[in-house]
Amino acid sequence: MAYGCTLRGEHYTFGDLKTLMAKASPARSGDELAGLSASSDAQRIAARYALADLPLSTFLHETLIPYEADDVTRLIMDTYDGQAFSPVASLTVGGFRDWLLSDEATSETLSSIAAGITPEMAAAVSKIMRNQDLMTVSRKIRVITKFRNTIGLEGCLATRLQPNHPTDDLKGIAASTLDGLLRGMGDAVIGINPATDSVSNGLALLEMLDHARQRYDIPTQTCVLTHVTNTIEIMNRGGAVDLVFQSIAGTQKANEGFGVSLGILKEAYEAALALNRGTLGNNVMYFETGQGAALSAEAHHGVDQQTVEARAYAVARAYNPLLVNTVVGFIGPEYLYDGKQIIRAALEDHFCAKLLGVPMGCDACYTNHAEADQDDMDNLMVLLGAAGITFLIGVPGADDIMLNYQSLSFHDLLSLRKLLNLKPAPEFAGWLERMGLYDARHDRVLDIPPGQTLLGQMVR
Amino acid sequence: MTDDRIASTPSRIPDPWQDLRQLTRARIGLGRTGNALKTDDVLDFQASHAQARDAVHTPLNIEALTGSLGNEPYYCVQSRAPDRSTYLRRPDLGRRLDPEAAATLPKGDWNVVFVAADGLSSFATQQSALPLFRTMQAWLSDWTVAPLVIATQARVALGDEIAVTLGARMVVMMIGERPGLSVADSMGVYLTYAPYVGCPDSSRNCLSNIHPHGMTVPAAAVKLSWLMREATHLKLTGVGLKDAAPETAALENSKTLLEKDNDQ
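Protein sequences, first through last, are from chains Z and Y.
Each residue of the first sequence is one higher than the one before, counting from 1 in my numbering.
Each residue of the second sequence is one higher than the one before, counting from 1001 in my numbering.
Don't read these hints as lab results, they were simulated from the structure.
Each hint should be verified, as a subset may be incorrect.
Here are a few chain Y residues that sit away from chain Z, every Cβ distance over 12 angstroms (derived from the structure) [stated by the list, open to error]:
hint, residue
1, ASP1015
2, ASP1019
3, THR1024
4, VAL1042
5, VAL1056
6, ILE1062
7, THR1066
8, PRO1082
9, ALA1138
10, GLY1180
11, VAL1183
12, ARG1229
13, THR1232
14, GLY1240
The calculated lysine-lysine pairs, modelled on DSS-like cross-linking and capped at a C-alpha distance of 27 angstroms, are [what the hints assert, rightly or not]:
hint, chain 1, residue 1, chain 2, residue 2
15, Y, LYS1038, Z, LYS423
16, Y, LYS1038, Z, LYS418
17, Z, LYS266, Z, LYS146
18, Z, LYS171, Y, LYS1038
Where a beta carbon is used, it is the ideal one built from N, C-alpha and C, also for glycine.
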C-alpha cells in the first residue's frame, strides 16, 4: 500500500510502509549508504506528516519484513499483547507521541502498555519526536532488574566496568578492574571483551573475576563477553557464569551473521537460570546491540537502520535481560557519521528500548575515523543521564586499548553522577561505603590510593 | 604557579600506580581534581586523539613516495570516492576504481601486483609500504612483479579491480589500518589470489599491526613470502590457506578476515 502527503503544494508518495519509515528517519550516513534515506529535507518532513497520520494499529496488519521470512517478525507478532495495547489502540502515530508526552502517560501506565508496543511502533513514533521528547518520555519509564543488586531505580546510574586488555593478561585486567572499583564503577557488571574468543580463555577470565568478587564480597555480577555458544560450553564445564552475553540484531539473517538463533539464546537462558547464582533476582542475560549491524551483514531487508535496531529489543526482552546496551558509536562513520548522528541514535535507542520494557544502557563511544570527540561524549552522557539511562560503560581514561575506540572514563562517570545527583545501585553503594571508598552523606566516591585499601591486594 | 603544577613535579612520595602500570598500557590510576581528570591527562588524551585523526585525514604524500622510487615505473590511481568525507561515508565507492584511473592501467601478465594504499592511516602507508615492497622485490626475483600502484581513497577491495585491470594473478594490498589512540601508524597487508571485483573477504589473508612497535617490516616480509608461495602452490588464499598453514611462529600474526574488519 502506498502512502502520500502534500506539503506546501508539492505531493510526495511513498511506495510502502518501510519506505515511509526510512524517509521519515532523521538523516544518518547508514541510511544514505543503503540508499534508503530521504532525498531532500522537504521529502523527509512530508514522510513525517504521513507517518504521524498513520493509525498505530497499521503495524499489526502490515509487517516490514515478512512473517514467513524472519523469526524476529514472528517473535514480535506472536508475543504481542493486545490487552496491553488497548489504551493506545485508537491513536495515530502522531497522537501516540502527544499521549506519551502527556501527564496521562505516567510511569505505571507506560509500564503497563510495554507488552503491547511493537518495535516498529516505537521506531515510528521516535521518528517524529525531537531529542527532548525522547528524553522526557524515557525518563518516565522505570525498568528494574536484579541479580546481585538492583538496577534501574529512580535516581541511580549504574556503570559497567570494562577492563579490557589486548592479550587478556590476567594481571593487566585485574589492575584495570582495581582502578574502576576504586572509582566506584562496576555495579551494572564487571565485563571483559576478550581478545581471544575461546572456551578456555573465557573460563580463565571468569575464574579470576569471580574469585575477586567473592574475596571482597562485591554485590555485583561479572561477565566475559564471549560468544553465547562458548558460554554454554563454559557452563557445561562448571564455569562461574553470572550473565550470558550475546550481540544481537533485529533480523533473523543478521542474527545468523552473529552465529546465533532464538533457539540458541533460549538454550543459554535456561542453562543460566538453572545455575541460580543471582541472590536478589534472576535476570541472567546481557545483550549488546547497535544501529547498522544488520546493514553491515547485508541483512536489513531494505528497512532503515533505526527501525531494524528497535527490532533487536524485541529479541532482548524475550529473555528478561539484566542489562542491554547500544554500542552506539562503535560501528563507524559509514553508519553514524558524526557527534550529532551518534547522539541522536543513542537517544532513539534508549527511548525505543525503554518503551518496550528493556533495561537499556549505552556505551557512549566513537572511533577515530568518526567526526566526534570527547566533548560529544560529554554531551551525550549528560543527555542520557537526564533521560534516565540504566547504565553507562566506563573504561580507564576512556581509552579501550583492546578494541581501539574511545568511551567514557571513570572520571567522566563520577562527574556525571555529581552533575545530575545520581547514585550507584544501592547495594553497591553500601559495599563501597563498607570498603571505605564512599562518603554516603555527600554521595561522593573518595580518592583513596590502592595501597590504603583492602582492594589493593587484588592484583597479585 | 598553581597547586596542580606543584603536585605534578617529582616528589618523594612514590606513585602507588607505578608498579601496576607495568601490567597494562591502559590509562589506569589517573589522578582526580574534584571528579575530573588532571590537566596533563586531558591534554595527553587529546594529543593522542589528534594524532589518530591526522593519520586519517592527512593525504598520502605521493610525491615523496614516487621520489623514493627513482626511475622505476609506477601507477597512481584513485577510487570512486572523490574526497575523504565521501570515502568515510561510502566504503562501497572506495572499493571501486575511478573509471578514468582504470584507463591508465595497461593490461599485462604479472604474477603479482603490490598496491600502496592510504586506507585509514596515510602515516602507516607513508612509513612502511615502500620498505616492504623493496624487500619483497628482492626476494621475488623469479616472479614477474607489476610496477607499484599507489592508490588513494582506497579500501582493501580496490586491489581486486587493480589486479584484474593490470592482469595480475595475485594482489598484495598494503593499506593504513584504522588508527587507535596508542598506535596511529599501523599498516595491514592483505593477500588475495585470483582476485575479482566482488571477491569476498573470506578469500584473503591478512597481516596486521605492522609498525615500528608491532610487527616489523622484515618480519612481515618473511610471513608474506611464505603466504605468497603457498598461495601459488595451493592456487588460493583465505580460509583454505590459513587452514593449510603449519603451527609455526612464522604465521602467528596472520589471520583471515572477519566480518567486523569490513571497515578497511
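Hint check:
Against the 12 angstroms criterion, ASP1015 (chain Y) falls within the reach of chain Z, whose nearest CB is about 9 angstroms from its own CB. In this structure ASP1019 (chain Y) is not separated from chain Z by more than 12 angstroms, as the shortest Cβ-Cβ distance comes to only about 9 angstroms. THR1024 (chain Y), annotated as away from the interface, has a beta carbon of chain Z within 12 angstroms; the closest lies near 3 angstroms. Interface exclusion of VAL1042 (chain Y) from chain Z breaks down, the closest Cβ pair being 9 angstroms apart, not more than 12 angstroms.
Taking the minimum C-beta to C-beta distance to chain Z, about 5 angstroms, the non-interface status of VAL1056 (chain Y) is violated against the 12 angstroms cut. Against chain Z, the non-interface label of ILE1062 (chain Y) holds: every CB pair exceeds 12 angstroms, the least being about 21 angstroms. Distance to chain Z confirms THR1066 (chain Y) as a non-interface residue, since its nearest Cβ pair spans about 26 angstroms, more than 12 angstroms. A cut-off of 12 angstroms between C-beta atoms confirms that PRO1082 (chain Y) is not in contact with chain Z; the least separation is 15 angstroms.
Against chain Z, the non-interface label of ALA1138 (chain Y) holds: every CB pair exceeds 12 angstroms, the least being about 33 angstroms. At the 12 angstroms boundary, the C-beta of GLY1180 (chain Y) falls inside the reach of chain Z, the nearest C-beta of that chain being 3 angstroms off. The beta carbon of VAL1183 (chain Y) is not kept farther than 12 angstroms from every beta carbon of chain Z, the shortest such distance being approximately 8 angstroms. With a least CB separation of 28 angstroms from chain Z, ARG1229 (chain Y) remains clear of the 12 angstroms interface cut-off, as annotated.
No Cβ of chain Z approaches the Cβ of THR1232 (chain Y) within 12 angstroms, the least distance being about 31 angstroms, so the stated non-interface status holds. With a cut of 12 angstroms on Cβ distances, GLY1240 (chain Y) stays outside the contact zone with chain Z, its closest approach being about 20 angstroms. For the proposed pair LYS1038 (chain Y) and LYS423 (chain Z), the alpha carbon gap of about 23 angstroms is at most 27 angstroms, so the pair holds. Taking the CA atoms of LYS1038 (chain Y) and LYS418 (chain Z), the gap is near 17 angstroms; set against the 27 angstroms cutoff, the hint holds.
At roughly 19 angstroms between alpha-carbon atoms, LYS266 (chain Z) and LYS146 (chain Z) fall within 27 angstroms of each other, so this suggested pair holds. Of the pairs offered as hints, the one joining LYS171 (chain Z) and LYS1038 (chain Y) holds, with about 26 angstroms between alpha carbons and a cut-off of 27 angstroms not exceeded.
The earlier numbered hints that this structure contradicts are 1, 2, 3, 4, 5, 10, 11.
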